[in-house]
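With the hints as extra help, turn the sequences into a complete structure.
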Amino acid sequence: MILSVKDLAFKYPGRSVLQDIAFDVAPGECWAVLGINGAGKSTLLKCLNRILKPQKGVVYIRENEVLKLSNLELAQKMGYVSQHQERNRITVFDAILLGRRPHIKWDASKHDRQVVRQVMEMLDLEDYAMRYLDELSGGELQKVVIARALAQQPDVLLLDEPTSSLDLKNQMEVVRLIKKVVTHNHIAAVVTMHDLNLALRFADRFVMLKNGTIFATGGREIITAENIESVYSLPVEIKTFDTIPLVIPR
Amino acid sequence: MVSNEYSRYIGRKRGVIFILVLLLIITALWALNTGSIALNPVQVLKTLITGGNQVENVAIWNIRLPRILAGLVAGAGLSVAGCVMQNNLRNPLASPSTLGISNAAAFGANVAIILLGAGTIANTGAGQVIINNPYMVTILAFLFAMLAALLIVCLAKFGGFTPEAIVLAGVALGSLFTAGTTIIQYFAEDVKVAAVVFWTFGDLGRAAWNEVFIMLVLVTMALGYFFLKSWDYNAISSGEETARGLGVNVDRVRMAGMLVASLITAVAVSFLGIIAFIGLIGPQIMRRIIGDDHRFLIPSSALLGSLILLAADTVAKTVIAPVVLPVGAVTSFLGAPLFLYLLVRGYNRK
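From first to last, the protein sequence lines stand for chains A and B.
Sequential numbering from 1 applies to the first sequence in my numbering.
Sequential numbering from 1001 applies to the second sequence in my numbering.
What the hints contain is simulated information worked out from the structure, not anything from laboratory work.
Some hints here could point you the wrong way.
To be verified - DSS-like cross-link-like pairs, simulated, lysine-lysine; straight-line CA separation at most 25 Å:
#1 K68(A) - K11(A)
#2 K179(A) - K239(A)
#3 K169(A) - K239(A)
#4 K1192(B) - K11(A)
#5 K210(A) - K56(A)
#6 K68(A) - K53(A)
#7 K53(A) - K6(A)
#8 K1046(B) - K105(A)
#9 K1013(B) - K110(A)
#10 K239(A) - K210(A)
#11 K68(A) - K56(A)
#12 K1157(B) - K53(A)
To be verified - Beta-carbon label-pair distances, calculated as ranges:
#13 N1004(B) - I36(A): 46 to 52 Å
#14 H111(A) - V1171(B): 44 to 50 Å
#15 E1164(B) - D124(A): 35 to 41 Å
#16 F1158(B) - A225(A): 40 to 46 Å
#17 A225(A) - F1227(B): 58 to 64 Å
#18 T240(A) - I1010(B): 34 to 40 Å
#19 I36(A) - A1172(B): 36 to 42 Å
All C-beta atoms in this analysis are idealised placements derived from N, C-alpha and C, irrespective of residue type, glycine included.
As structure tokens, then:
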């Protein structure tokens, strides 16, 4: 397993957010974390890479206990893309180069710049290299922050709603890109998502969160009308179109 | 192709820094050739290299050189302190003066001069202020500046303040110290009020070699530290969670940055008096020219801070000589229009 989560629990003072969270991620897999607003999806991602310290439970990344790794060691193994992005006045190239920060001792080396160029090539970002972040569109910026996480050369990518502010074309582009990188580099991605249909097209495995605990986990077979109705409190129908299940609210 | 473009881009940033260094050298030479004693450039050069007569030696070695160095060092220190505070608190308005540190130093000077009788004014003409005990004024100004800085840092650390709340707390502290100053001055004799008001004007001539040396050591160390942390500052400016995801210990970096920035501010203000605005505009002007990349922003902010302060001091000495205008006021006269122009023009697109 590339990522193992065992018995994870997190609470803010007086309010429990997550409990009894456990799942195992294999290399090459894309996982979608599903649930309503406030179910604890973002909190779960932040607990996985220690931005929030879980009160209970263990997370292993390739047999290393996450809590015992140094900040830099952890950042070399896990890339995290937060839900909110800042647009500052740094070029796309430098923004992606920042992803090398966990590997940089004094200053960026030739190898670091090489990695950045490879990532830019893979994501088709070469034409943007010298543009400033505050001049990019939402879709372009999202690609750049994913590129930054990839430049970390992590084993696991954690992406918090990477598609929520994107149009249809960019949504598809971003999920295809994540899928391509995960397969190509044989790493894993854990992604929180709101769009069930997008998740169904993209993810291999799913975690459905309800009230801070796992309601169901597994492959496509868990995306049933009953489960969705129970998690989202919304009656739905599931039709199959071109072998891909489609969730249609009733 | 990307490599070439990037090399050219880095070259342009280095070019800006080179131009700043050049301007700074020219300004320093100009400053070296201005003063109340008329010396021509040949005399100045001769005094520097082989020594001149007694008057020339005193004018160059004891008055002009320490004054120029004080301007270079304090300008760089205040500007880079503002740059780091703006980054660490993620607020463009953060600077030594907006966080209450300067007000606290002024309060300390008031306590020393008015309550403890460290100074008075003999005559109403400029330059007639007599600070009987400059060490007491400096030490109290420093202590109160550090007290304000530590209060801000402690509120941030133990009160779990957000960066926005820290800036607000700084404004509140600043107003508290200003109120204290007003109360002290209200009950003071007019000669003492005049002395303390004169102190707050800020004056580079106050620093002799000892003070310049202390500032030089501290500011150089701080600059080195900030420069080493420029990757971390870039990460923080990309968002706090992103920075944590990149392995940056955000709380520790922020706390250390605020402490070092406050320390150099406290030293500069207590030796020279209040020189506001440089900490705000120095980094803000450079952001608009060079961008947010701290690998270039930190050295260029320091250089621009030096340049503004030194130029302001030289203008202050020459514009209605022999009267020397308060350098703090000239700083704003020179800096504010430039800053407003850059705000209107927006960012440099290259």
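How the hints compare with the structure:
Restraint check: the Cα-Cα separation between K68(A) and K11(A) comes to about 21 Å, which is no more than 25 Å; the hinted pair holds. Simply put, K179(A) and K239(A) have alpha-carbon atoms about 24 Å apart, close enough for the 25 Å limit, and the pair holds. Restraint check for K169(A) and K239(A): satisfied, since their Cα atoms lie roughly 23 Å apart, inside the 25 Å limit. Note on K1192(B) and K11(A): the hinted pairing is violated, with a Cα-Cα distance of about 58 Å set against a maximum of 25 Å.
At most 25 Å may separate the alpha-carbon atoms for a hinted pair to count; K210(A) and K56(A) meet this at roughly 19 Å. Our distance criterion of 25 Å between C-alpha atoms is met by K68(A) and K53(A), whose separation comes to about 12 Å. Simply put, K53(A) and K6(A) have alpha-carbon atoms about 14 Å apart, close enough for the 25 Å limit, and the pair holds. The straight-line distance between the Cα atoms of K1046(B) and K105(A) is roughly 47 Å, outside the 25 Å bound, and the hint therefore fails.
For the hint linking K1013(B) to K110(A), the alpha-carbon distance of about 19 Å falls within 25 Å, and the restraint holds. Proximity of K239(A) to K210(A) is assessed by CA-CA distance (about 24 Å); at most 25 Å being required, the pair is judged to hold. Annotation: proposed proximity of K68(A) to K56(A) holds, straight-line Cα distance about 14 Å (limit 25 Å). A hinted pair counts as satisfied when its Cα atoms are at most 25 Å apart, and K1157(B) with K53(A) qualifies at roughly 18 Å.
Distance hint check: the CB atoms of N1004(B) and I36(A) are about 50 Å apart, consistent with the given range 46 to 52 Å. For H111(A) paired with V1171(B), a C-beta distance near 46 Å keeps the hint of 44 to 50 Å intact. Distance hint check for E1164(B) and D124(A): the Cβ-Cβ separation is about 37 Å, which falls inside the suggested range of 35 to 41 Å. For the hinted restraint 40 to 46 Å between F1158(B) and A225(A), the CB-CB distance of approximately 51 Å leaves it violated.
Here the CB-CB span from A225(A) to F1227(B) is close to 59 Å, well matched to the stated 58 to 64 Å. A beta carbon spacing of about 54 Å between T240(A) and I1010(B) contradicts the range 34 to 40 Å that was offered as a hint. Separation of I36(A) from A1172(B) is about 40 Å and conforms to the stated range, judged on CB atoms against 36 to 42 Å.
The structure fails hints 4, 8, 16 and 18 (numbered hints given earlier, in ascending order).
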